[in-house]
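Based on the sequences and whatever the hints tell you, model everything.
Here the protein sequences line up with chains A and B, keeping their order.
Every position in the first sequence, counted from 1, becomes a number in my numbering once 103 is added.
Every position in the second sequence, counted from 1, becomes a number in my numbering once 103 is added.
Keep in mind the hints are simulated off the structure, nothing from the lab.
Remember, it's a predicted structure, so these values are computed and weren't measured experimentally.
Worth double-checking, as some hints may not be accurate.
No copy labels: a pair is met if it fits in one copy or bridges any two.
List time: in silico DSBU-like cross-link candidates among lysine-lysine, alpha-carbon distance up to 30 angstroms [as the list claims (entries may be wrong)]:
no.	residue 1	residue 2
1	Lys108	Lys309
2	Lys292	Lys309
3	Lys310	Lys108
4	Lys310	Lys339
5	Lys292	Lys200
2 protein chains.
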Amino acid sequence: MQQRKLEVCITPALLHLYDISQSIVVVIDIFRATTSICYGIENGAEAIIPVATVEICESHRTTEGYLLAAERDGAVVTGFDFGNSPFSYSKDKVEGKTIVLTTTNGTYAIHQSLAAQKIVMGSFLNLTALSDWLQTQNQNVLLLCSGWKEKMNLEDTLFAGAIVHNIKEFGYQLDDASIASEDLYVLAKNDLSGYLKKTSHSERLKKLGIEADIEFCLNVDLTTAIPVLDGERLVKMKAFELKA
Amino acid sequence: MQQRKLEVCITPALLHLYDISQSIVVVIDIFRATTSICYGIENGAEAIIPVATVEICESHRTTEGYLLAAERDGAVVTGFDFGNSPFSYSKDKVEGKTIVLTTTNGTYAIHQSLAAQKIVMGSFLNLTALSDWLQTQNQNVLLLCSGWKEKMNLEDTLFAGAIVHNIKEFGYQLDDASIASEDLYVLAKNDLSGYLKKTSHSERLKKLGIEADIEFCLNVDLTTAIPVLDGERLVKMKAFELKA
Chain A
104 MQQRKLEVCI TPALLHLYDI SQSIVVVIDI FRATTSICYG IENGAEAIIP
154 VATVEICESH RTTEGYLLAA ERDGAVVTGF DFGNSPFSYS KDKVEGKTIV
204 LTTTNGTYAI HQSLAAQKIV MGSFLNLTAL SDWLQTQNQN VLLLCSGWKE
254 KMNLEDTLFA GAIVHNIKEF GYQLDDASIA SEDLYVLAKN DLSGYLKKTS
304 HSERLKKLGI EADIEFCLNV DLTTAIPVLD GERLVKMKAF ELKA
Chain B
104 MQQRKLEVCI TPALLHLYDI SQSIVVVIDI FRATTSICYG IENGAEAIIP
154 VATVEICESH RTTEGYLLAA ERDGAVVTGF DFGNSPFSYS KDKVEGKTIV
204 LTTTNGTYAI HQSLAAQKIV MGSFLNLTAL SDWLQTQNQN VLLLCSGWKE
254 KMNLEDTLFA GAIVHNIKEF GYQLDDASIA SEDLYVLAKN DLSGYLKKTS
304 HSERLKKLGI EADIEFCLNV DLTTAIPVLD GERLVKMKAF ELKA
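In structure tokens:
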């Protein structure tokens, strides 16, 4: 197997610097979009359709059986069923349903990545399943952190580092951002929650009263489904795709 | 003293996300532009004029007493006196001279920062002097890493972390990039050279045969001069400016 690239793009604002046409892009928005997507797909949602704007989300209101989810600046947009709290993506709420979702950072990152070979969603929830799958693929990997309003954030970087930590021994060429991310993850991994408490982002989320969400988003290996973009829909990766 | 911001901009490609009009910007290009600038100014260079292109640098050839320095992709551009090796900025070469300098990353970062309150140069050479000065200023601080072709690099991030480590106790509000940079610095500080050996950038520089330059650039507190942009010229900060 030739040496593949394993790179971390710290924010979508830097994505233009990477050639993703030959890469798997892992979109990461730990608090909370990709965590909720992983949880929703694991819990039997038929599909989650990420859309760029609240208006596009709204335009799906007349489609029967669709749930509409819209989040801006950490809060549910008025008039929508729910936002991106993972607790809204439980089995009783989403099984068999299609959800149209727009968020501040995560869905933006997905739309920026459309040139990629394949786009999958990563979160601590599916860390091991995703790592196991990535290393069987003979492909470059770009770990795309959604960040906060185009700046880096620690939680997404830590998760990128967790993937690097899990797969780097399988023949990848790392960039500096991968090395840094892994070192930060190793530093934080025994107490992710404690480590993240020192960030300003964490303060902001606390003000929003979503500490329970945050704790949930740091659960490791709660799920095994890998959400993959199929056309405009995020769906569960099929068993045959899971093979090398 | 009100709480000031202490932020790290990982690459100039993200600079548009920061309001620098009320900030001191510290430009960081450890390998090797800002290290050489610190060394040259310490060694009595009258001024160093950072210019954006090789052509502008060339246009100064007829100015008497000017030295022309041009580097691209790590090598001296053909026809120029020298590039950005710190060994070209020793006392015998630069005392009393004005140097016109263009480099791949560092001079680009300086030109991107012109809206700042003040622009100073940082390197491990003047780490303590710069830290001591910054914390006496009632100003926001943006640590601007030059990176490598707009991507992050570890050496600039580590130095940003060193500044954070030195001044964070003096009443600053840190962003996530500052927190991450400091943690990486603390991890690496007892063996900067060993830590940086694992980066791809280090491999690239090794191929250029500039290992001696690299080791030199990791000298801590060899100098005390703070190069500051005055109009288009980098000059030594005067004693009266050094006060709070």
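Against the structure, the hints:
Taking the shortest alpha-carbon separations for lysine 108 and lysine 309, only the inter-copy value of 21 angstroms comes in at or below 30 angstroms, while the best intra-copy value is 37 angstroms. In the homo-oligomer, the alpha carbons of lysine 292 and lysine 309 lie at most 30 angstroms apart inside one protomer (21 angstroms), although the nearest pairing across protomers, at 33 angstroms, exceeds that limit. Taking the shortest alpha-carbon separations for lysine 310 and lysine 108, only the inter-copy value of 20 angstroms comes in at or below 30 angstroms, while the best intra-copy value is 39 angstroms. Within a single copy, lysine 310 and lysine 339 get their C-alpha atoms no closer than 33 angstroms, and across copies no closer than 45 angstroms, so neither meets the 30 angstroms cut-off.
Within a single copy, lysine 292 and lysine 200 get their C-alpha atoms no closer than 34 angstroms, and across copies no closer than 52 angstroms, so neither meets the 30 angstroms cut-off.
Of the numbered hints listed earlier, those contradicted by the structure are 4 and 5.
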